[in-house]
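Participant: Listed here are the chains, written in short residue letters.
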Amino acid sequence: MLTYFLRRLLMAIPVMFFVAVFVFLLLRLTPGDPAQAIAGDQASLDQLEQIRETLGLNEPLSVQFLTWIGNMAQGDFGRSLISDRPVLEMIGQRLGPTVALALVAMGLTLIIALPMGVLAAWRHGGMTDRLVMAVSVIGFSVPIFVIGYILIGIFAVNLRWFPVQGYKALADGLWPFVHRIFLPGLALASIYIALISRMTRASMLEVLREDYVRTARAKGLPESLVLFRHALRNAAIPILTVVGTGFAMMISGVVVTETVFNIPGLGRLVVDAVLARDYPLIQAIILLTAGTYVLINLLIDLSYALTDPRIRYQ
Amino acid sequence: MTATPPVLSVRDLKVSTMGRRPAEILKGISFDIHPGETLCLVGESGSGKSVTSLVTMDLLPRGELEVTSGTAALNGEDIVTASPARTKALRGAEMAMIFQEPMTALNPVLPIGLQMDEIYKAHTRMRPAERKTAALEAFEAVSLPDPPRIYDSFPHQLSGGQRQRVMIAMALALKPKLLIADEPTTALDVTTQKQILELIRKLQEEMNTAVLFITHDMGVVVDIADRVCVMRHGEVVETGAVDQVLGAPREDYTRALLAAVPSLTPRPARAQQAPEPVLELEAVNKVFAFRPFLDKLLRRPGHRVQAVSDVSFRLDRGRTLGIVGESGSGKSTVARCVLRLEDPTSGAILVNGHDIAPLEGQTALEPARRAVQMIFQDPNRSLNPRLTTGDSLIEGALNAGEPRAEALQRAGELLEVVGLPRDALARYPHQFSGGQRQRIAIARALMMSPDVIVADEAVSALDVSVQAQVLELLAEVQAKRNLAVLFITHDLRVAAQICDDVMVMRRGEVVEFGPAGQVLAHPQHAYTRALLEAAPGRDWDFAAGRRVTEPA
Chain E
4 MLTYFLRRLL MAIPVMFFVA VFVFLLLRLT PGDPAQAIAG DQASLDQLEQ
54 IRETLGLNEP LSVQFLTWIG NMAQGDFGRS LISDRPVLEM IGQRLGPTVA
104 LALVAMGLTL IIALPMGVLA AWRHGGMTDR LVMAVSVIGF SVPIFVIGYI
154 LIGIFAVNLR WFPVQGYKAL ADGLWPFVHR IFLPGLALAS IYIALISRMT
204 RASMLEVLRE DYVRTARAKG LPESLVLFRH ALRNAAIPIL TVVGTGFAMM
254 ISGVVVTETV FNIPGLGRLV VDAVLARDYP LIQAIILLTA GTYVLINLLI
304 DLSYALTDPR IRYQ
Chain P
5 MTATPPVLSV RDLKVSTMGR RPAEILKGIS FDIHPGETLC LVGESGSGKS
55 VTSLVTMDLL PRGELEVTSG TAALNGEDIV TASPARTKAL RGAEMAMIFQ
105 EPMTALNPVL PIGLQMDEIY KAHTRMRPAE RKTAALEAFE AVSLPDPPRI
155 YDSFPHQLSG GQRQRVMIAM ALALKPKLLI ADEPTTALDV TTQKQILELI
205 RKLQEEMNTA VLFITHDMGV VVDIADRVCV MRHGEVVETG AVDQVLGAPR
255 EDYTRALLAA VPSLTPRPAR AQQAPEPVLE LEAVNKVFAF RPFLDKLLRR
305 PGHRVQAVSD VSFRLDRGRT LGIVGESGSG KSTVARCVLR LEDPTSGAIL
355 VNGHDIAPLE GQTALEPARR AVQMIFQDPN RSLNPRLTTG DSLIEGALNA
405 GEPRAEALQR AGELLEVVGL PRDALARYPH QFSGGQRQRI AIARALMMSP
455 DVIVADEAVS ALDVSVQAQV LELLAEVQAK RNLAVLFITH DLRVAAQICD
505 DVMVMRRGEV VEFGPAGQVL AHPQHAYTRA LLEAAPGRDW DFAAGRRVTE
555 PA
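So the protein lines, in turn, are chains E and P. The first sequence begins at 4 in the working numbering and counts up by one. The second sequence begins at 5 in the working numbering and counts up by one.
It cannot be assumed that every hint is accurate.
[Stated by the list, open to error] Straight-line distance between alpha carbons at most 16 Å, and here's what the computed EDC-like set of lysine to aspartate or glutamate pairs gives: (1) P:Lys31 - P:Glu242; (2) P:Lys181 - P:Glu98; (3) P:Lys125 - E:Glu213; (4) P:Lys92 - E:Glu226; (5) P:Lys136 - P:Asp150; (6) P:Lys92 - P:Glu81.
FYI, nobody ran anything at the bench for these hints, they're computed from the structure. Since the model is a prediction, treat every value here as computed from it, not as a measurement.
Produce the entire structure from the sequences given, and follow the hints as far as they go.
Facilitator: Following this line, the structure appears as structure tokens:
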């Protein structure tokens, strides 16, 4: 089990290395002078030379790369070209809300989508199944911002159960946090509920035909045990894959939800950075996103091993 | 025995498919099983024997099959009309079931102990410690080695025989009145099968359990049944004591079924004129080596499995060589090496005198690919479901450059040779029965006008009557075209009937090799003898219809 995990961990190192090389070259390979690209058309020669100096662009590429990696190892990811603040600090401020939003959304997804999918597969072809499929089609086809505004319209404006928008950190208390994050979480979850309930249904349909499910029934087990212990665990691997990649996609793709609900998260920082061509910030964000993907893939692999002993002992 | 009331009494049971055009699967069957008795339901695929067992367990697939009339009473209580909650309480406690495939019948992601524990938890009020003790005792009773280890294991860590023992332990955990065994030994090797049959028999006697045993194998019937119930197309053809049904069958169908069972006595040797070798193996070895990347990095040795070691034989035109052995014996690997689907590690493979072992690339191998053709085990999976029969048949010929029209013409002729109508060319595999599909597979092999046909368990997936027809066809084609056949099988009965020479393999090594009459009638090696002794029904002479008093 440990060797399995270490092996996966070792495999993550080359991936991160290539991402770093790519991000490094991204700036250097931009057509023309990177300093020019950073400074813009109106920059004077002095300004350009200054930028080259600060970025170390006059050094050989390899030295630049090592310096860059070395700086990052010391926690220096550079400074924003726009605000001149350390990018790590900027990201750090925005990371909290986004991760919180993604976690809440994924939690809601699992609570809603798994039972939906299991029920639909269990009552395959019946009314429940059709209802679940219908909900899933809606979740897929209605854009998140529409769902967001509908949720705001019903639960915040009309019923006044939730605030219209805004964010409070968990540190400010559990209730203010939950109160504000529930609606955006649900809005973000909608498409994942559609996706994962469908995955669960398909995977369960497959597994429910297996011999060991028949064995479980032949033992006289309650149907809930047959479904959730015997069938769902075997159906879990494709579901876990989607949950994992879905979570990674949430981290990097929450901008719409953040905008609709006015949450100061990472998504909006990314958009601002791209629009302003804030290269150091973009580099740091790409690295962070890649790191998240690698980490989540690692966790997915780990979860495979935890659910399926055959993988563990390979 | 008749004085005691039956444990299971099935009366006029009818089951239909659901949907717009219901088809009757069971057409009113009746039988009884008494305590301590074993009733064998025998029949070919589609006879409804498994459906009968599912009705009894109240496990019919929902929305697909339904009982339309009749009763199935367990100790006088009708299962058909009982509430789902009631049948759930009976399942696992009063009636239990063992399934065919021990590889898939246990949940792969849950430890064995938990799967055993569930039964006690669902049906009794035992405390956790008591449940564990009971489970360990149950494992002990089915002669599993080291019960505590088994308890903590996962299914994939056990062998097929061990898994089936676990299944039996589970089924008998609460001493049910009725045990249903649906082909419980079909997926096992003969030696393991023998042990499992003996185990079921022994536990049944200890607990006085009534056993409903479902099988297609007449040999197994001889070994285990008290009474036999022959089924066909959802009807009971004939019922009676085993000696009476097998010895003096009243119905034609039963007679035909018995006649189709191949005899263990080897057929007379065929005369051979002017031996002309088409396939020769010289000291062929195959080693599977696994060396994962990390091992390479750390310079650790990988895993090595010697699948085939030093196999040599010679196959002449017009002759049949049988390779027999249990799973893991390397017999299929030999076949795959002959076809160069696998690269032999060392040794020579001579096809028509040319060594194909060192050849590389499709062009170099092409003549050998044409000369050696294969028929696979499972006709349901070896034909591409998306291709018409015609397209499947001509694929090889088109590759060899034959014009399409010409190839189709020949394919049509070959279909007639294998006993199928020419218009079968335009149809898809699912429109044929298993036997018909295997005929198509033979036609496909013949399309390339091969010198050698490799048949890997080519009749193992077929019912006995169909099996007999396909073997007959194979023999006919072989005689007409003077083909050499390499026949891989685990079934000694089949080997005895069609092989000129027999090679017995175990763990990659040739244990015994010689003329079929010699090897199967007067085995020299202990392993060959063990295999023959384990062959089910060996103490019944199917041709004469009586028990063999003197073991052959």
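Participant: Compare the structure with each hint and give your call.
Facilitator: Hints and how they fare:
Straight-line distance between C-alpha atoms of Lys31 (chain P) and Glu242 (chain P) comes to about 14 Å, which keeps the hinted pair within the 16 Å bound. For a cut-off of 16 Å, the pair hint linking Lys181 (chain P) to Glu98 (chain P) stands: about 5 Å separates their Cα positions. Taking the CA atoms of Lys125 (chain P) and Glu213 (chain E), the gap is about 23 Å. The hint is violated against a cut of 16 Å. For the proposed pair Lys92 (chain P) and Glu226 (chain E), the alpha carbon gap of about 9 Å is at most 16 Å, so the pair holds.
Pair hint Lys136 (chain P) plus Asp150 (chain P) holds up; C-alpha atoms about 14 Å apart against a cutoff of 16 Å. A hinted pair counts as satisfied when its Cα atoms are at most 16 Å apart, and Lys92 (chain P) with Glu81 (chain P) qualifies at roughly 14 Å.
Hint compliance for this structure: hint 3 is the single one not met.
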